[in-house]
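Visitor: Below are the chains, spelled out letter by letter.
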Amino acid sequence: MIEMHQVSKRFDTGLLAVSDLDLEVEASEIVAVIGPSGCGKSTVLRLIAGLDVPTTGSVSVAGHEVRGPDPSVGVVFQEPRLMPWLSVERNVSFGLARHEGDQSLVAEAIERVGLSAFAGALPKELSGGMASRTAIARALVTKPPVLLLDEPFSSLDAFTRVDLQEHLLEVWSWYRPTMFLVTHDIDEALVLADRVVVFGGRPGSIQTEVIVDLPRPRDRTDRSFHSFQDLAMGELRRSSGERFASRVS
Amino acid sequence: MWAMVIKEVRQVRRDRRTLAMMIVMPIMLLVVFGYAASFDVTTIRVAFPEGIPDGASLPDLLEPVETSRTEPDEILRYGEADVVVTADGPGLVALVDGSQLFTARAAVQVFTSASAQGVPVVTDVLFNPELDTSAVLVPGLAGLVLLFVGSLITSLGVVRERQAGTLEQLAVMPLRPRDVFVGKIAPYFVVAAIDMVIVLVVGWLLFDVPFAGSIWLLALGAVLFLFVTLGAGVLISTVSENQGQAIQLAIMTLLPQVLLSGLIFPLESMAAGVRWIGYLLPLTYFNQIARGVMLRGAPFDAVALPFALLAVLGLAVFGLAVLRFRADLAPSRAQSTA
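Chains as they are written, first to last, in the working numbering: chain G, 56 to 304; chain Y, 443 to 780.
It cannot be assumed that every hint is accurate.
[Claimed, not checked] With the C-beta cut set under 10 Å, the calculated list includes, among others, these residues of chain G facing chain Y:
#1 Ala104
#2 Gly105
#3 Gly123
#4 Ala190
#5 Thr197
[Claimed, not checked] Per the computed footprint, the stretches of chain Y lying under chain G, defined by three or more beta-carbons under 8 Å from a beta-carbon of chain G, are:
#6 605 to 611
#7 614 to 624
Read the hints as simulated data drawn from the structure, not as lab findings.
Don't be surprised by glycine CBs; every beta carbon is placed ideally from N, CA and C.
Use the sequences and the hints to build the structure in full.
Guide: Have a look at this one:
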């Protein structure tokens, strides 16, 4: 569904964020990218979203080269970025007025994230978790085949984060979109993803991949989950260590 | 304290736009006030549809001009001359275009003085008989309002949206870039239009500013001018990282227009080099259209040239703004269409 071939991204400042990246994500697969700050995780997401242009290489979604933001790719950013003067319902339906039958889609998307009772509420009346759920509903309202999530729960408390991760899996089971999640949280990656890609180095590149072949829902207290935690943490430490070493040298 | 001074110097040096403003602005003001800030009239164009009277000697200030029209009112309405001198029985009548305030005042002085010296000439000021300053300033001020809302307020609105991340959010929503662009500037267009109507109505009610021409013609000129100013506002927003930078850039585009468009100082009184800068500024042409339509009742063909030049500027600035905005909103898409 998502293909990146020999992708590099150099910014105007001269910084090479990502180099010679090859990555494939299958349809309906959930892939999480973890890695230390500044290793180019979010840059990869922005390239897939069409918000940035690769310097070299190609990025394609569903067989079509990415030439800018596309309705077939939904994006959830770190901050909910809601319009403060619009209700939850109007935020979710924003931009859809010209399509027929949107209202039922809007109601369904809001229901899927568990906010039906707050459809008329303004963003200032919502908790952080509810605002994040609204942002997810907004990204899902057109049922895009691909959903990109850029650290969507990082500003929330641990309890709300766990709650939203469960919600996200319920949403995924709704129509099984391909999900590409960028996160700092190893647990979040292991709970949600089929595959965890460990990013590291500068310029950023894939250090290793961990296939998480645990059945869902995943029990965070389970011994096998802990072994994946140890594995991912080890890889992450290794990539951070290499990056630190390369910086020192 | 010394460390603080060093830090501040380094900070100013790093902020190149502020540095440019600190250096460019004083130079610009010096040049402008040196070469442009002049109310002196050096030439008054005078038409003699019936020919120059035999034996008449004209003061140096008066420059006879040939005109394509013969009707005195039409000559002035089309801006072919500042003064038309015609025969009136045994004497002469000097019809003066009151919409060119400083030229008109100088002309009235010349012909009144001639009359005092025994030349049988009567002076009659058309379009602005009392030679009111407000009558000449209000049409230009309407343009200034459009410029303020179009450039400054629009650029601030777009930059604020980008800083909040909303613009990026809009880019990934099921909206076409043109939906975002038009939706973004349409409210400013309406607000600017309402502001302009308020200025004109207040000018009419409080200062008795005449409205001799077609309101639709002025509206068309205002729409064209708004395209330029809104385009400039969007352009400013695309090269500004924050609202402070947007304000700086907007001021740098507003100030030359206020000083060099003929709004305050007559273009004819400026030194040639500075005057040519004025010819590149959209407010110059809106000013000519507004004064022509409101004061002289100029028809379309009388103001066709400023209309055409405003349209060219509008196409260039607005077109560039659309391209920059698209690139800002969706870089790869803009690149693929380039």
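Visitor: A separate judgement is required for each hint: does it hold in the structure or not?
Guide: Comparing the hints with the structure gives:
For the restraint placing G:Ala104 at the interface with chain Y, the shortest Cβ-Cβ distance is roughly 6 Å, inside the 10 Å limit, so the hint holds. The beta carbon of G:Gly105 comes within 5 Å of a beta carbon in chain Y, closer than 10 Å, and the hint placing it at the interface holds. Residue-level restraint check for G:Gly123 holds (minimum Cβ-Cβ distance to chain Y is 3 Å; threshold 10 Å). The interface hint given for G:Ala190 holds, since its Cβ lies 9 Å from the closest Cβ of chain Y, which is under the 10 Å cut-off.
Hint status for G:Thr197 relative to chain Y: holds, with the closest Cβ pair at about 6 Å, below 10 Å. Interface restraint, the segment 605 to 611 of chain Y with chain G: holds (5 residues with C-beta to C-beta distance below 8 Å; minimum three). Coverage of a stretch by a chain is defined here by at least three residues with a beta carbon nearer than 8 Å to that chain's beta carbons; for the segment 614 to 624 of chain Y and chain G the count is 5, and the condition holds.
Checked against the numbered hints given earlier, this structure breaks none of them.
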